[in-house]
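A.B. asks: Start from the sequences, fold in the hints, and give me the full structure.
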Amino acid sequence: MPERTHDITLTVNGVVRHATVPARRLLSDCLRHDLGLTGTHVGCEHGVCGCCTVLLDGEPVRSCLTFAVTVSGHEITTVEGLAGPGGRMSPVQRAFAECHGLQCGFCTPGFLCTVTALLRENPAPTDAEVVEGLSGNLCRCTGYQNIVKSVHRAAELIAEES
Amino acid sequence: MTTKLFGEPVQRREDPRLLTGQGRYLDDLGSGALAAAFVRSPHAHARIRDIDVSGALDVDGLVAIYTWEDLPPRVAEPLPLLIPHPALTHGRTAYPLARDTVRHVGEPVVMVVARDRYLAEDACALIRVDYEPLKPVVGVEEALVGAHRVHEDVPGNVGAHLVQEVPSARGRTAAEEIEAAPHSLSFRLDIERSASMPLEGRGVYARWDPDDRSLRVYSSTQTSTSVRMALAAKLGLPLPSVEVIAPDVGGGFGVKIVHPWPEEVLIPWAAMLLDREIKWTEDRREHFVSSAHERGQVQHVKVGFDDEGRVLGLDVTILHDHGAYTPYGIIVPIVTATQLLGPYKIGAYRVEFSSIYTNTVQVTPYRGAGRPQGVFCMERTMDRIAAYLGLDRTAVRAANFIQPEEFPYDQGMMFQDGRPLIYDSGNYPESLRMLKELIGWDSFEERRAAAAAEGRRIGIGIGCYVEGTGVGPYEGGHVQITSDGRVHVSTGLTSQGQGHETVFAQIAATELGVPIERVSVVTGDTRRFGYAVGTFASRAAVMSGNAIALACRKVREKALRIAADALEADPADLEIDDGIVHVAGTPTASIPLATVAVLANPLRYAFDEEARRATQFTGTAALDRPPVAEGQEPGLEGRDYYSPVRSTFASGMHAAIVETDPGTAEIKILRYAVVHDCGKLINPMIVEGQIHGGVAQGVGGALYERMVYDSHGQLLNASFMDFLMPYATEVPRIETAHLETPSPLNPLGIKGAGEAGVIPVPAVIASAIEDAEGIPITRMPISPSELHELRLRRPPG
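If you read the sequences in order, they're chains B and S. The UniProt record's numbering puts the first residue of the first sequence at 1, with every later residue one more than the last. The UniProt record's numbering puts the first residue of the second sequence at 1, with every later residue one more than the last.
Quick caveat, the hints were computed from the structure, so don't treat them as lab data. Built from N, CA and C at the ideal position, the CB exists for glycine as well. Be a bit skeptical, because a hint or two may be false.
Claimed, not checked - Straight-line C-alpha distance at most 30 Å; calculated DSBU-like pairs for lysine-lysine: (1) B:Lys149 with S:Lys680; (2) S:Lys680 with S:Lys345; (3) B:Lys149 with S:Lys4.
Claimed, not checked - FRET-style restraints, in silico, Cβ to Cβ: (4) S:Arg456 with B:Val16: 55 to 65 Å; (5) S:Val708 with B:Glu121: 30 to 40 Å; (6) B:Asn122 with S:Ile775: 36 to 46 Å; (7) S:Glu740 with B:Ser72: 51 to 61 Å; (8) S:Glu454 with B:Glu161: 53 to 63 Å; (9) S:Glu740 with B:Glu161: 49 to 59 Å.
C.D. replies: Okay, here's the thing in structure tokens:
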């Protein structure tokens with residue numbers, strides 16, 4: 001018997017999007033496979049690695065632990081929506097490029113969303129606050145050294161440009 | 001050469017797409033493809049009595065269900081044993097779907113294809129497999145007893161047994177030297193299982209084109225060229241009809257060099273059969289139980305030494321757990337056995353290993369590939385000797401170092417590539433001097449005393465290693481300059497985050513004298529380059545880097561020859577600068593490489609401005625000669641290969657200061673210092689990044705990561721909640737210094753850097769904890785509760 005589906009409406013990266021999904025459809029799968037936004041990655045499907053982090057009404061959440069139907073009517077920002085008008089990369093994105101804050105790039109979208117929210121809450125974090133702020137995201141490539149640097153550099157860029 | 005980018009910390013060219021969500025990883029492709037899922041064995045060892053799929057047939061969206069019996073003969077065969085070795089007398093590989101016996105939890109039994117992954121998993125859950133459980137074999141020592149067998153026809157569960165022996169200069173065996181030595185020690189060491197654990201698992205996506213009978217397969221692999229050859233053979237297709245592409249790959253660290261995986265054969269086969277696009281993306285639990293693990297050795301060490309701590313004889317017996325199958329041969333224990341010697345001259349050496357079957361996930365290389373185990377053994381031995389003699393640990397190491405003037409140094413063994421283990425270059429005393437300075441080795445006792453005065457317990461540790469990198473047999477590069485002045489570089493090996501698009505572009509831009517913005521690099525796409533080995537063993541920069549440099553030199557020579565004709569100059573007087581060929585000292589006598597590219601092709605339809613512009617240089621055709629001269633080819637392009645006579649040996653030394661909590665036994669790394677020598681650096685920023693990542697994985701292996709199997713062969717911690725990989729909170733700041741001892745073996749003077757960071761970390765942390773606690777540390781990883789246990793067992797006094 002075909003599965004029962006639900007019509008949902010999300011605002012993703014400022015654009016109103018509609019999807020028809022079963023109740024069990026994860027937000028990560030909805031973004032990736034129903035809306036074609038494959039920048040959000042799935043690394044563990046159980047909420048530990050943080051690869052799938054997106055901003056839900058501005059707050060970082062694990063999209064692999066969120067059912068798409070539960071966020072109908074809400075605003076989502078994914079990695080594809082972080083760049084500024086005209087497509088210029090955001091200060092956080094530019095800082096990661098400048099400081100070599102990524103290698104394979106698979107965990108990077110989750111870090112970018114986490115850090116974007118972190119710096120909005122705390123525009124000038126200490127080293128300890130940066131490490132604490134990153135402590136929900138796994139990276140297997142960088143050893144976090146240059147990710148920490150990237151966060152500080154992003155804070156500088158945001159301060160310079162505001 | 002004026003456009004010098006080799007050696008510069010150039011920002012990565014892959015980053016803009018990866019930072020904006022425009023990367024293309026395996027599961028980002030094939031949005032309309034059917035999805036595959038697998039029923040996997042819940043038993044470590046069982047006979048399959050029956051498979052009943054009837055319950056799954058009504059699942060909405062189900063397309064197909066396959067068991068072993070459905071597979072055609074070539075596909076149904078056991079998967080290939082990639083690297084046979086005479087010592088691997090009982091090599092065994094798995095069937096792509098279990099035939100009648102399962103030998104580890106996670107072994108694939110049934111493949112389901114459905115409209116999407118949710119539905120495919122629904123169907124999997126409704127398939128009933130009737131198993132007759134058999135006695136599982138877990139742990140190498142239990143396996144060796146041989147009461148039960150993983151494979152019925154492998155007595156004692158021993159897959160391979162190898163002894164290598166190097167006599168001392170005076171012709172004595174290791175046993176004789178140890179017997180005659182002034183001092184001797186013997187002890188046991190243990191290293192537990194860990195795994196590569198890339199954040200992107202494996203994945204395969206296949207498209208069959210029935211019109212031209214061709215197959216295109218995308219795989220998250222470390223070797224697309226070899227997957228292609230395996231598929232052509234398994235599926236009975238002509239090689240030119242199969243293309244395999246490694247798209248953006250979310251980390252590899254060794255596990256993705258194994259090929260073909262069951263899924264890599266089954267997904268393309270089903271795509272052809274069903275004439276539908278099919279994709280399979282591994283989930284995390286599948287990755288834990290059905291890909292591969294590593295580390296996992298027991299070592300018995302005997303060593304004889306003199307009063308200065310010089311090793312006169314060393315005898316090591318290794319029990320290596322290779323899991324249920326041996327698709328990748330016995331590379332890991334061979335690397336342990338040969339790289340164990342590190343930067344030292346050992347009097348006489350005997351190493352024996354047994355590679356043993358257990359009912360656990362197969363063991364294949366993980367970053368370091370046997371070296372961390374070997375280095376753990378050698379460095380624990382050095383510390384034991386120092387403790388026994390009451391000498392400084394660095395003094396014992398220095399007493400055993402190969403000296404700078406002794407290169408090339410022949411260790412008298414055969415390396416993993418079957419070639420002599422001859423170190424090409426290095427400077428170990430200087431490396432040690434730099435490390436001691438960086439960490440403050442000589443002033444540590446003051447620091448220890450100051451900490452003790454505050455009731456804190458700290459210790460310092462050291463570890464040294466030598467790493468054979470850039471193993472052959474070859475890699476190739478192709479370079480083409482098109483009439484728009486762009487440079488297109490391709491090489492067959494793959495990328496998993498190493499920044500190849502950047503470093504290979506740096507090499508090409510430097511060799512050709514063009515701006516890096518005009519250079520683009522493609523890796524791991526058999527449509528562009530068909531001959532390659534793969535990305536592993538710290539070989540990509542050495543192998544493809546040199547191949548691309550050689551290909552560029554061919555293209556440069558041709559460009560200068562054509563430009564010299566056009567400019568009526570001598571090629572020897574020409575330079576290339578910013579993409580323009582000009583006569584040295586006469587900037588006005590010049591021709592852009594774009595124009596040279598047009599001139600290189602006698603067929604000159606004026607498709608673009610450049611072709612029209614080139615007509616001024618055409619001159620008069622020599623009517624008595626063919627338009628393409630003998631031995632020449634049209635176009636400004638070249639291909640070359642680099643094939644080294646043997647590996648090049650990088651080296652490094654790490655030191656750490658740790659603090660152990662006197663109450664809770666919590667272990668904290670206060671400082672971590674690295675001195676690293678990988679010859680000439682192409683991009684120091686990228687090399688540093690490789691070291692950082694390696695050290696972090698090493699910290700995981702030293703303090704957190706282990707695969708916990710129970711006696712039934714169940715993996716108890718198959719999730720990221722229970723298998724503890726370091727977060728930012730667990731990795732200390734890593735301080736690095738570089739020494740550059742160029743390799744004399746290759747044109748660019750480079751050595752590999754990919755695995756270096758991980759290799760000595762468990763040895764370094766063990767050394768530091770032992771120094772802090774005064775308790776011998778003999779197994780890794782070590783948790784606070786284990787350290788607490790060791791304290792309780794410490795003999796009084």
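A.B. asks: Each hint should be assessed against the structure and marked as holding or not.
C.D. replies: Hint check:
1. B:Lys149 with S:Lys680: holds, 25 Å
2. S:Lys680 with S:Lys345: holds, 25 Å
3. B:Lys149 with S:Lys4: Satisfied, since the Cα-Cα distance of roughly 27 Å is no more than 30 Å.
4. S:Arg456 with B:Val16: 55 to 65 Å: Holds: the Cβ-Cβ distance is about 58 Å, inside 55 to 65 Å.
5. S:Val708 with B:Glu121: 30 to 40 Å: holds, 37 Å
6. B:Asn122 with S:Ile775: 36 to 46 Å: Distance hint for B:Asn122, S:Ile775 holds at roughly 42 Å.
7. S:Glu740 with B:Ser72: 51 to 61 Å: Holds, since S:Glu740 and B:Ser72 (Cβ atoms, about 58 Å apart) stay within the stated range.
8. S:Glu454 with B:Glu161: 53 to 63 Å: Violated, since S:Glu454 and B:Glu161 (Cβ atoms, about 44 Å apart) do not stay within the stated range.
9. S:Glu740 with B:Glu161: 49 to 59 Å: violated, 38 Å
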